[in-house]
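Colleague: Protein chains in written order, with this note's numbering: chain A, 10 to 675; chain B, 5 to 107; chain C, -12 to 478; chain D, 1086 to 1365.
Everything labelled a hint here was simulated from the structure, so no lab data went into it.
Remember, predicted model here, so these are calculated numbers, not experimental data.
Ideal placement from N, C-alpha and C gives every residue a C-beta, glycine not left out.
Misleading hints may appear alongside valid ones.
[Unchecked claim] Part of the chain D face toward chain B, derived, beta carbon under 8 Å:
# : residue
1 : Ile1107
2 : Val1128
3 : Leu1133
4 : Val1220
5 : Val1245
6 : Trp1270
7 : Ala1271
[To be verified] List of simulated lysine-lysine pairs, DSS-like, C-alpha gap at most 27 Å:
#  : chain 1 : residue 1 : chain 2 : residue 2
8  : C       : Lys427    : C       : Lys284
9  : C       : Lys351    : C       : Lys427
10 : C       : Lys284    : A       : Lys624
11 : D       : Lys1290   : C       : Lys16
12 : A       : Lys479    : A       : Lys414
13 : A       : Lys197    : A       : Lys479
14 : C       : Lys16     : C       : Lys351
15 : C       : Lys387    : C       : Lys284
16 : C       : Lys137    : D       : Lys1356
17 : A       : Lys410    : A       : Lys479
18 : C       : Lys351    : C       : Lys137
19 : A       : Lys613    : C       : Lys284
20 : D       : Lys1356   : D       : Lys1290
21 : A       : Lys624    : C       : Lys351
22 : D       : Lys1290   : D       : Lys1339
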Amino acid sequence: MTQLIWLTIALPVLGLLINGLFGRRIGNRTVSIIAPLMVLLAFLVGVGAFFETMGRGGEAVAVPLWTWVTIGDFNVPISLLVDPLSLTMVLVVTGVGFLIHVYATAYMVHSDDHGHDHDDRDFSRFFTFLNLFIASMLVLVLGDNYLMMYVGWELVGVSSYLLIGYWFDRPSEAQTPINLGSNTEPVKLQPLLSPAASGMKAFIVNRIGDVGFALGVFLLWSTFGTLQFNEIFPRAVEVSEAMPSVIPWIAALLFVGAIGKSAQLPLYVWLPDAMAGPTPVSALIHAATMVTAGVYMIVRSNILYSLAPGVSMAVAVIGMATAFFAATIALVQVDLKRVLAYSTVSQLGYMFAAVGVGAYTAGMFHLVTHAFFKALLFLGAGSVMHALHDVIDIRRMGGLKDKMKITWITFWIGGLALAGFPLMSGFFSKDEILAHVFEASPILWFFGILTAGMTAFYTFRAIFIAFHGKPRDHHLYEHAHESRTPITFALSVLAVLAIFGGLLGLPTFLGLPHFLNGWLEPVLYELPHAAEEHHMSFGAEMGLLATSAVVAVGGIFLAYFFYMLQPSIPQNLARSTRSLFALLAHKYWIDELYDTLFVQPGLKLAQAFADGLDKVVIDDMFVDGTARLIGRFGGILSKLQNGYTGSYALATFIGVIIMISYFFLR
Amino acid sequence: MIGQVPLSYYLLLSAILFAIGAGGVLIRRNVIIVLMCVEMMMNAVNLTFIAFSRYLDSTTGQIFVFMIMAVAAVEVAVGLALLVELNRHKDSVNINDFNSLKG
Amino acid sequence: MILSLLIIIPIAGAIVIAFVPRDQDNMIKWLAVATTALALLVSLPLYFGFADGVSGYQFEEIRPWIPALNINYHVGIDGLSLFLVLLTTFLTLISVISSWTAITDGLKEYMACMLLLEAAVIGVFISLDLFLFYLFWEASLIPMALLIGKWGGSRRIYAAVKFIIYTMAGSTLMLVAALVLYVNGGTSDLPTLVSTLSLSQNLQIILFFAFALAFSVKVPLFPLHTWLPTAHVEAPTAGSIMLAGVLLKMGTYSYLRFAIPLFPDAVAYWTPLLVTLAIIGILYGALVALVQDDVKKLVAYSSVAHMGFIVLGTFSGGQQGMSGAVLQMINHGLSTGMLFFMVGVLYEQRHTRLFSEYGGIWVKVPVFGTYFLLAVFSSVGLPGLNGFVGEFVILLGTFKVNPIAAALGTFGIVLAAWYLLTATRKVMMGPFNEANRNLKDMNMREAGIAFVLILFCFIIGLFPNLLFDKINPATAELAEMISATTLIAGQ
Amino acid sequence: MPGQIFFLIVAAISVISALGVIFNRNVVHSALFLLLNFGTLAVFYFMLNAQFLGVAQILVYAGAIVVLFLFVVMLLGADLGESVDTWLNSRNLLLIALGLVLLTVVGTAVFENTIFGAADETTMEVVEEFGQTQVIAASLFTDYLLPFQLVAVLLSVGVVGVVWLAQHQQRQRFRRIIAVLDSTWAEETQRPNPDLLRVNWLRRKALFDFDQVEIIQATDHQVEELVTMVENDTDSWRRSRYRQMRCLVDPDCKLSEDTVRMLRHTFGEVKNLVHKGVMA
């Protein structure tokens, strides 16, 4: 089955072509069967390859397809690498992807006021792009050289652009201001970007990251002379001794690409706006798979980062800073999807913190579990939105738990996992990261724990407001109903995964099996003179475990206290700390900052170039200028031709005299 | 009796006639007079030719004068025809009125 | 004999069309299509018969042209010009078919001009003799100027005159330089000149400047580019396709064919300036394209940016950069040709090119929308499509020699994404603009053309080696020629 | 010596007659002085033994050309030359000075160097047969035959030219030409009266000298085409007249306001065509 791994890419591409070219003709029903089927088959191929690789003891196998580019000594084959790391990603992508495809078949059907359903206008176009995304993501993870990874990198960027901008004709919607009580003036919010604009914003911010990644790849080629993983990593140690400064540069440049793609500081701004796309898109791309590409890249090139401790620490710091920063914003968001968006940015921060400190398996572990519960939460939010006619503002929800039983329960499970409630998958993965981070630097750990608390708080703030308490908008409440089976099926499967996901990596210090460690071990290159694994004492580990459990439960209880027992507290608190609240509500004014720093000056410069330099200076002064000059000069000459025969005769006469006097007097 | 006149006299005379002709062309504005003066210039040249042909004892000069006469005749004919045509258009004979061919 | 045939067929076609009575529109059109199709068919064996891995010229023909001056009709192709000839025959066929309904008055002269343009451009690409090259170089101006001047928009006379004088002024110096070469080398035959010539460094620098000026106007390189937007805005659709698709390549191709091999020592001297201008061209072209209100102007400035990439590749010194540049010439021809074709499709129905007139038309014309989006992605350099391969390899080659230039160039692709996606948003997305309510989707003919164009983009994108195997020998030779001299020059 | 005196007398007469031709108010008198001048020249030819040419001089010049002058003078009635005092303005003084310079130069040249072995004071005895018509005819029809034929051709061309020039007069001359845009017309031009020509531009679709534009029945696109063509007109004489030209637009021919704006931009004034008679 390993040799057939290329099927995982070929199948979605096949689905993409069928739906794309014949979408209208074969009808929406067949489209909604083909798309998920392709992803399911890909998943099955992945599972087959998984068991084969398990049997082989995790040793990598390359599946060459055809040589892509050969110019002189620059030779890049198109070949797929089947090894534990790429397989993990394949399984996550295809698995979660399949569930989301099933969910989307029901989600993209809108029921209007009087109950009967009609499909979304470009139903087939949506599934074409969804399959395109799955294919591009698999190219990224399965590629066995940096160029294939870069190709996948850009392709996922494009598919996210297409999917975010799916409802391209919807205008930007204004957000109702947050009122802080009767006598104070409410906090106004900027309108949400239209899908088309946010799609473009996502693509361009991604591309800025891609510039870093491309430069990293160029530097890799000019130092190693090749882009193949299996040729670079073995020689990495010897090259880093020969040219000490090169490896950190490569690591840094590649990390810039990761910042762009995985929405870390400072290039995270596109992710919240990407919520303008349909919810399955947000779940698949902006929670489970694409945003984790950066983490995958760092885990894949782990030897490079281990050889560049400075850059790794920077990765960890940026990761943790993003986690903390995003968590603070999520505290006050009123849009359920944006709460989850900032939570994704925050959780990604955790993963980068993990890989930054060298805990690659912990990073992957959290990546996998996060994929499950974050996809679950997004789909839950989608189901709520679906039921309430695309209303996602939690201030108009309330008491939905009676109306949407399954969504409520699964949302709870997802929430618990995200918050890191003990025994849930999130708990184990996040705790492992925090343990490793603590080993590296306690300050980072402190921020980590704080963020964990905040995560628990904002997750359950959203749950309590949305599902519990009294309904705030009766018309909406009346109309709410549980979503149809495909949605509930996807939710329940993901809920199961969210609960038992933790089994992948139980804490080793308790003697429990850590499957992922063993599984990913062949991928990680050990530094020859690596410091031996200094184990923290059993007590310290236990203490960390306990603190993170306490913080999680504390966060949940605090949310319960704020929103269930004393609902007036949040409003009073917000009113008293109005400036801080407004700052968080406006997302630290980052979007406006970027707009004034980069976008407007860019446009002004362009305008200056276009009108000023191009039109006036080059075109008018030089080109037409010289033309006018010659024209005027010609005008002077033409004055000599004044039409009087007399003057012509005179001219000839003078000429004659000059000639004669010259000849005779010479 | 005829032979005593030296060649230089003839050359000087034709130079004077030529100069007068040229002066006439430049000074006068009446086209007919201008054409006449051109004729005079041509005759001055004829005189030189014949003088040389006589003193250098070769008939080529005279053949040349013969040709010049033909040219002169045609030139006057065409010149006057043009004058008539222009006159009908601008009904004036002043040479400066015909100045539309200008830059 | 194939190469001479490629010139004779279009000219013969033009002559035959001249005899067709004026009102037989259909006959003229079908004749033009037949001629260009025949030319394409005749040019196909060039690809299949081309020997891989062999450097030096193939399909060579030498016939005395002016024996007294030892100037002969010497034509031949190698890796550099093979695909440009194919591109020319292919794009001309596309242009002729695309102007099926666009041109109503003076169709006869139009088709004749198109065919003569094809003949002249193919002449430029295959001639290996300085004066033959110069002849075709100037000959290609006339039909193009006629195309702009007669069938163009409102300010067409200004645009045509500016186009001619700009290029003519540039290339007069080249003629002088060719004469100097002829005098020094005793012959105007390129291969012999390249092998026997030994000019002093300073003379090479001056002559290189003369050649470079003529080619830079054509490329167009940064300061000499202002004729391109006016020419494109005023030219008819097919004219724009030919102008962007093929004529711009004459400049970059000539750099590789004439300027670099003839004056290898001068390359090291001029490279910094040309690379800087290329970089400026990339960034400046992209920025100015951002704020254009006319679609064609936007695509014109995008051509300035793309050609900047090609010049960057040409002077990257390494073989990767050069091969990338040659490939990018083909890619730019296809993707910009397709973009202009798409704009032409819209222009034919709406008779306007202003962004303000369009908006959200993807709803109304889904097929057009998909093809337009694919064309944009090919131009932006999306992997899987042709643009990516070229740009990546150029930047890769440049990075090895000059990392800062490569960094700026790579930033160029961000700007490219910015202005092209802004254009897509203004035209395709956003609320539906009622002015387009009676806009019809692409008919079979237009969809067929778009499909063929995008098919080639995918083929090159997925299997670039089909082209690289044939391009590499030629660029290997050039790269080693330069590296040899730069070593001597002690750089 | 007597020969020289005779020469000087005749020379004086010819110079005086030459001056007479120029400084004479009456053109007829100038013509007669010219006749006298040619006569003196004929005398010189005889003195130089060029008898044939002397006779030819009298026949051709005196007989034909002067008569032609007189004939044209009578035809055109240009008997009043310009007044004398206008001659002595600054420009003419300059000319006179130049004339003197020429004379001095030629004079010195003639006197200083001997010319090709022609002995200055040689007394030339009369060579009987020299200058006889036979001698000239002999050389004319042997080694100079080709020039002789060419002269014949030249003369015939001259005649044809003159005949054509004269005949050219009958062409009709219109007082006014109007460019009309009216798609209802079938034929290209209409001539309501002898000196008014109305050309339907829609048929001709090319530029010509017109004095006024009338738009009776035309579409915006056609008017736009006319304006574009006028804008791109390269004839400088016509371009200068467009600004003062009138453009009449028929009220019931609906034109979009930006076409009218274009017309106002190109032509001097744009007014509504008032149907006076059938044809304005």
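Colleague: If a hint holds in the structure, say so; if it doesn't, say that too.
Modeller: Hints, one by one, checked against the model:
{"no.": "1", "hint": "Ile1107", "result": "holds, 4 Å"}
{"no.": "2", "hint": "Val1128", "result": "violated, 10 Å"}
{"no.": "3", "hint": "Leu1133", "result": "holds, 4 Å"}
{"no.": "4", "hint": "Val1220", "result": "holds, 6 Å"}
{"no.": "5", "hint": "Val1245", "result": "violated, 10 Å"}
{"no.": "6", "hint": "Trp1270", "result": "violated, 32 Å"}
{"no.": "7", "hint": "Ala1271", "result": "violated, 35 Å"}
{"no.": "8", "hint": "Lys427/C <-> Lys284/C", "result": "holds, 24 Å"}
{"no.": "9", "hint": "Lys351/C <-> Lys427/C", "result": "holds, 8 Å"}
{"no.": "10", "hint": "Lys284/C <-> Lys624/A", "result": "holds, 12 Å"}
{"no.": "11", "hint": "Lys1290/D <-> Lys16/C", "result": "holds, 24 Å"}
{"no.": "12", "hint": "Lys479/A <-> Lys414/A", "result": "holds, 16 Å"}
{"no.": "13", "hint": "Lys197/A <-> Lys479/A", "result": "holds, 25 Å"}
{"no.": "14", "hint": "Lys16/C <-> Lys351/C", "result": "violated, 30 Å"}
{"no.": "15", "hint": "Lys387/C <-> Lys284/C", "result": "violated, 34 Å"}
{"no.": "16", "hint": "Lys137/C <-> Lys1356/D", "result": "violated, 32 Å"}
{"no.": "17", "hint": "Lys410/A <-> Lys479/A", "result": "holds, 10 Å"}
{"no.": "18", "hint": "Lys351/C <-> Lys137/C", "result": "violated, 33 Å"}
{"no.": "19", "hint": "Lys613/A <-> Lys284/C", "result": "holds, 18 Å"}
{"no.": "20", "hint": "Lys1356/D <-> Lys1290/D", "result": "holds, 23 Å"}
{"no.": "21", "hint": "Lys624/A <-> Lys351/C", "result": "violated, 35 Å"}
{"no.": "22", "hint": "Lys1290/D <-> Lys1339/D", "result": "holds, 21 Å"}
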